[in-house]
Amino acid sequence: MMKVVGVTACPSGVAHTYMAAEALQLAGQKYNVDVKIETQGGAGIENELSREDIDAAVCVILSNDILIQNEDRFKGKKVLRVGVSEIMKKSEAIIKKIKQTFDNE
Amino acid sequence: MKTLLNKACIIDLNIKDKNEAIHQMVDVLENEGYLISKESYLKDVLEREAIFATFIGHHIGLPHGRSDGVDSTGLCIARLKNEICWSNNEDEKVKTIIMIAVNNDNENNVHLQILAKLSRMLMHEQFRNLIQHGDKASVLELINTTIII
Chain S
1 MMKVVGVTAC PSGVAHTYMA AEALQLAGQK YNVDVKIETQ GGAGIENELS
51 REDIDAAVCV ILSNDILIQN EDRFKGKKVL RVGVSEIMKK SEAIIKKIKQ
101 TFDNE
Chain L
1001 MKTLLNKACI IDLNIKDKNE AIHQMVDVLE NEGYLISKES YLKDVLEREA
1051 IFATFIGHHI GLPHGRSDGV DSTGLCIARL KNEICWSNNE DEKVKTIIMI
1101 AVNNDNENNV HLQILAKLSR MLMHEQFRNL IQHGDKASVL ELINTTIII
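In order, the protein sequences belong to chains S and L. Position 6, counted from 1, in the first sequence is what my numbering calls 6; the numbers after and before it change by one each time, with no gaps. So the mapping is simple: my numbering equals the position in the second sequence, first residue as 1, plus 1000.
Any given hint could be a false lead.
To be verified - In the DSS-like style, the derived pairs of lysine-lysine whose C-alpha atoms are separated by at most 30 Å in a straight line are:
id, chain 1, residue 1, chain 2, residue 2
1, L, Lys1081, S, Lys97
2, S, Lys90, L, Lys1117
3, S, Lys30, S, Lys77
4, L, Lys1016, L, Lys1095
5, L, Lys1117, S, Lys96
6, S, Lys36, L, Lys1117
7, S, Lys89, L, Lys1095
8, S, Lys3, L, Lys1002
9, L, Lys1093, S, Lys97
10, S, Lys30, L, Lys1018
11, L, Lys1043, S, Lys30
12, S, Lys30, L, Lys1081
13, S, Lys89, L, Lys1093
14, L, Lys1095, S, Lys99
15, S, Lys96, L, Lys1093
16, S, Lys99, L, Lys1117
17, L, Lys1002, S, Lys89
18, S, Lys99, L, Lys1007
19, S, Lys3, L, Lys1117
20, S, Lys90, L, Lys1007
21, S, Lys90, L, Lys1095
22, L, Lys1093, S, Lys30
23, L, Lys1016, S, Lys89
24, L, Lys1117, S, Lys89
25, L, Lys1081, L, Lys1007
26, S, Lys89, L, Lys1136
The hints are simulated quantities; they were obtained by calculation from the structure and are not laboratory data.
Same shape as in the complex, but just chain S (with noise of 0.2 Å):
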């Protein structure tokens, strides 16, 4: 199965961090991509990446409302940048894109 991870991120770390993380597992479910992601809230960082599963990644999905911790992990990864709200509402096709994209390689 077609593996994407990714970190979410945002100003106050108490919803939006944990919307789009669920968002996009969601989402990933959905089109049968397994779908990782870390959250750098304010409960810490939970559900951290291992270097197996950054590797293992066709992709790297970061927002960029703020500074992502430990950002050099994704040196050489396609990373995708997008901001939490918009991860929110386009979880979908964002997804359904790298999908599309990563299957024709």
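Following the hints, put chain L in place on chain S, whose structure we already have.
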């Protein structure tokens, strides 16, 4: 620990704009004893809204802020009689507002985890529908039974 949501914090509102809604909801949270400083919490919520409006789609606004003005983490849910604009974007119309009050105390990680769970649940259609259209007793039960760790 105070419960996250009590019945008096589920309200029906007939208001004209976002500012009025936020003020009334902050009043409710104060009356129910969730705040230490109403002014400080209000300021933090409005500052957070100004960074970018907390529209989450599905006609829901989610104003929130971590604030020293909050005593105990709590929610206020307002169901509006008429839709209001939530931002300058005309597509961002809101009929249900869920206000989250979280204090700044880092030791209260449990509270942040509860809110993380709530945020995740809001991405599920069935959960949203009940919050938006269910009777107050059902909303209360839903929140207090699913948003626990």
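Against the structure, the hints:
1. L/Lys1081 <-> S/Lys97: 38 Å, violated
2. S/Lys90 <-> L/Lys1117: 21 Å, holds
3. S/Lys30 <-> S/Lys77: Holds, at about 24 Å.
4. L/Lys1016 <-> L/Lys1095: Roughly 12 Å between the alpha carbons, so the hint for L/Lys1016 and L/Lys1095 holds.
5. L/Lys1117 <-> S/Lys96: Roughly 25 Å separates the two Cα atoms, so the pair holds.
6. S/Lys36 <-> L/Lys1117: Cα-Cα ~17 Å, so holds.
7. S/Lys89 <-> L/Lys1095: The given pair, whose Cα atoms are some 17 Å apart, holds under the 30 Å limit.
8. S/Lys3 <-> L/Lys1002: 41 Å, violated
9. L/Lys1093 <-> S/Lys97: Since the Cα atoms of L/Lys1093 and S/Lys97 sit roughly 27 Å apart, the hinted pair holds (cutoff 30 Å).
10. S/Lys30 <-> L/Lys1018: Measuring from Cα to Cα gives roughly 34 Å; hence the hint is violated.
11. L/Lys1043 <-> S/Lys30: Violated: L/Lys1043 and S/Lys30 sit about 40 Å apart, past 30 Å.
12. S/Lys30 <-> L/Lys1081: 34 Å, violated
13. S/Lys89 <-> L/Lys1093: At roughly 14 Å apart (the allowed maximum being 30 Å), L/Lys1093 and S/Lys89 satisfy the hint.
14. L/Lys1095 <-> S/Lys99: Outside the cut-off at roughly 34 Å; violated.
15. S/Lys96 <-> L/Lys1093: Distance ~26 Å between S/Lys96 and L/Lys1093 Cα, so the pair holds.
16. S/Lys99 <-> L/Lys1117: 28 Å, holds
17. L/Lys1002 <-> S/Lys89: 33 Å, violated
18. S/Lys99 <-> L/Lys1007: Answer violated: S/Lys99 to L/Lys1007 is near 44 Å, above 30 Å.
19. S/Lys3 <-> L/Lys1117: 24 Å, holds
20. S/Lys90 <-> L/Lys1007: Answer violated: S/Lys90 to L/Lys1007 is near 34 Å, above 30 Å.
21. S/Lys90 <-> L/Lys1095: Holds, at roughly 21 Å.
22. L/Lys1093 <-> S/Lys30: OK: L/Lys1093 and S/Lys30 at ~27 Å, within 30 Å.
23. L/Lys1016 <-> S/Lys89: 26 Å, holds
24. L/Lys1117 <-> S/Lys89: 19 Å, holds
25. L/Lys1081 <-> L/Lys1007: Holds: L/Lys1081 and L/Lys1007 sit about 19 Å apart, inside 30 Å.
26. S/Lys89 <-> L/Lys1136: Holds, at roughly 28 Å.
Comparing the model with each numbered hint stated earlier shows that hints 1, 8, 10, 11, 12, 14, 17, 18, 20 do not hold.
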